[in-house]
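S.K.: Chain by chain, the residues run as shown.
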Amino acid sequence: MENMENIVRLKEIAQNYTILFVEDSKALQKQVVKFLQKLFKEVHVASDGEEGIEKFKEYNPNVVLTDLTMPKLNGHDMIRAIKKIEPDIEIVILSAHSDPDTLMKSFHIGVSDFIAKPVNASKMINVFLKVLSTLARNEKKLEAFGNKAQRNDSDTLDFIFKNSMDIDIVNHYRGVPLINRGKIVSLNKDEIILRTTYFQLLAIKYENMAVLDSSLINEDIKCSLLDINFENYEVILKKEEFFKSAYKNREEIRVETDNDIRAFIEIKGERHFVEIIDISTKAVLFSYPSIDEEFKRNDSFKLILVFDNLKKITSDYTTKAIEINVSVYKTVQKNEENFLVVFFKDFKTNSLLHKYIFNREVELVEEFKSKFQDSLKD
Amino acid sequence: MIILDDKLSKLPILPQKIFDLLLLKDDQNYDSQKLLNIIENDAILTARLLTLSNSKLFGFNNKIETPQKALNLYGMNFTISILVCELIGNSIKFDLDAYNVDFESYHKNLELTYKLLYDWISDKDAFLKEDLIIPLYVSNLGRFLFTQALKEENKLEDFSNSLVFCKNIISLEKNFFGYTYYEMSAIILHKWGFDKRLIKLVARSKDNNYEYTRKLELLKILDILLNIKEPFSKKNKLIAIAEAKKNGFDFSKLENLSDKLSL
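Chain order of the listed sequences is X and R. Numbering-wise, the first sequence is residues 1 to 378 according to this note's numbering. Numbering-wise, the second sequence is residues 1 to 263 according to this note's numbering.
These are calculated hints, taken from the structure and not from any lab test. Accuracy of the hints is not assured; some may be wrong.
[Claimed, not checked] Reference excerpt, derived from the structure (chain R facing chain X, CB under 7 Å, subset only):
no., residue
1, 50
2, 55
3, 59
4, 93
5, 153
[Said to hold, decoys possible] For lysine-lysine, the following DSS-like pairs were computed, each having C-alpha atoms within a straight-line distance of at most 27 Å:
no., chain 1, residue 1, chain 2, residue 2
6, X, 162, X, 83
7, X, 26, X, 162
8, X, 369, R, 7
9, X, 369, R, 167
10, R, 34, X, 72
11, R, 17, X, 282
12, X, 83, X, 72
13, R, 191, X, 162
14, X, 162, X, 117
Glycine included, each C-beta is placed from N, C-alpha and C at the ideal position.
Please model the complete structure; the sequences and the hints are all you need to start from.
M.R.: This is the structure:
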């Protein structure tokens, strides 16, 4: 009788949600999908971890039910990838492996529940009831709070503070991002007190500001520094403005270059010197003082990078220059100077540029640390 | 006795990356690509790994230019241990003024100890060395808190003066704070939410498990060598060698290595 009641309750809740089922066994797929289709609004199916990620991105389901042992990409790795896209997604594992290690690993990566094979309808009903009830409760919470597009970001900070959630603190040192998490200790109108790491406090002190980033906030919050207490690992910041930060979309670390790298671009058979501002393994920002040319997006040409101090970068120096085909992403004019951001069209990993950037990261991090060595020692 | 509750309630927030790395270390899948992605997307981790792999102690004949190369040479466990220590070290303010120890010498001695550990213990006992890097590093966190508390209570001079003449630092610490340094370090790790196994080892708790007991015995030998007052002193080397002999470790190899490294 209790089971009947649970089925009825589950149907009521589940009909509002979509589910993605990831399982490589076709026979089990057929069996379970038949069951799920009686409950959920939509049921999507994938046969391996890679397909699971693709279908997740395409259909954005509310719940994922997945096997662990699958070809191409296993369940745990798929879950980690999905959690990066949607950290709060409810995930249930359906697996024959129910040893403590597997279970603990699953819970460490944020899995909501576990159903042991062979599949048992009663167990599935209980687990889905629990998971979907949690989902429904959280949605009511967020509904009261408002959706991301509508809510006031001050309310968001208040929500983060009251729920003791983490927030990322972003700083930069000469292009190198220095990011650590922090917790809001106190919130008062425009003043935010955060606790974070010692290193991050040094970075905030250096820049005299910080950017706060949370997945709940549409835009980042630029803050100025009011005070730092190194003994308590706390910083007092003042909210200045909300803005869309470029760093989040940046896949690669960009570093300010030094004098050991020179750059030229080749246009219509002629080489022109350009001055690099910063560079990553995917893109470069440079100014072009001596070129009388109007660039527009998608223009292509060759970029030549010359490394003048190879010994510093590598023990394998067969060539000191590399050529990369690039495409213009955007043009910028600032203080009567022209800048271009270009993306690399063809780039080999482990090339000289890759090694240069790693070396530059080391130099800049060591430079930052030694700048604050006295602070670190005292 | 100085109470440390207030200091314990105001510890820094640790980067989530520490726990992600530890999870990777415990994962039997040995996902080196995942580890590489974490390292390459973090300039601090890249810098630490490449600096270490091009250092005199841990470097090789050729320059190590990329994290991939370093990872191939050191393996996942050692790499993760070093990176976790780096992240913890960057989170908390270094302060051993009460012990008259500065940042450079402390880290230099720590790296000498890692080097000794790795050269001394054979690969067939890899489990011993791979799991001791982090406990060695975090064991002195308690002393950072001790130092800061002494400064706040204006008792730094009292403690430092007592330290000069005391024969047993641990007794001195217990008198001042009620805890040994490693007990305090274990409390800190507990506050931060670290794994119980690590906390237990750092607290120097006893256990019947053979592997754990061997790790504890080894940790005690390294504690003697890395004595905060007289690291790698002749006296402490002799004590450490005797302890190694007593516990069935290769004490003559330890003797040779500790002489070689402390030159």
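S.K.: So if I understand the rule, the pair passes when the alpha-carbon distance is 27 Å or less; does residue 162 of chain X with residue 83 of chain X pass?
M.R.: Distance of about 23 Å is within 27 Å: holds.
S.K.: Straight-line Cα separation of residue 369 of chain X and residue 7 of chain R no greater than 27 Å?
M.R.: holds, 25 Å
S.K.: Once the shortest beta carbon distance from residue 55 of chain R to chain X is found, is it less than 7 Å?
M.R.: Nearest chain X Cβ about 11 Å off; hint violated.
S.K.: Let's test the interface hint: is any C-beta of chain X closer than 7 Å to that of residue 59 of chain R?
M.R.: Violated. Min distance 11 Å.
S.K.: Would the stated hint for residue 93 of chain R survive a check requiring a Cβ distance to chain X of less than 7 Å?
M.R.: holds, 5 Å
S.K.: Under the criterion that the straight-line Cα-Cα distance not exceed 27 Å, is the pair residue 191 of chain R, residue 162 of chain X satisfied?
M.R.: At roughly 20 Å apart (the allowed maximum being 27 Å), residue 162 of chain X and residue 191 of chain R satisfy the hint.
S.K.: Sort out whether residue 72 of chain X lies within 27 Å of residue 34 of chain R, counting only the CA atoms.
M.R.: Distance of about 15 Å is within 27 Å: holds.
S.K.: Measure nothing beyond the straight line between the CA atoms of residue 369 of chain X and residue 167 of chain R; if it is 27 Å or shorter, mark the hint as holding.
M.R.: violated, 36 Å
S.K.: Holds or violated: residue 26 of chain X with residue 162 of chain X, Cα cutoff 27 Å?
M.R.: Roughly 46 Å separates the two Cα atoms, so the pair is violated.
S.K.: Tell me if the straight-line CA distance from residue 83 of chain X to residue 72 of chain X falls inside 27 Å.
M.R.: Since the Cα atoms of residue 83 of chain X and residue 72 of chain X sit roughly 18 Å apart, the hinted pair holds (cutoff 27 Å).
S.K.: Holds or violated: is there a CB of chain X closer than 7 Å to the CB of residue 153 of chain R?
M.R.: Violated: closest Cβ of chain X sits about 13 Å from residue 153 of chain R, beyond 7 Å.
S.K.: Is residue 17 of chain R within 27 Å of residue 282 of chain X, Cα to Cα?
M.R.: holds, 24 Å
Consistency with the previously given hints fails for numbers 2, 3, 5, 7, 9, 14, ordered from lowest to highest.
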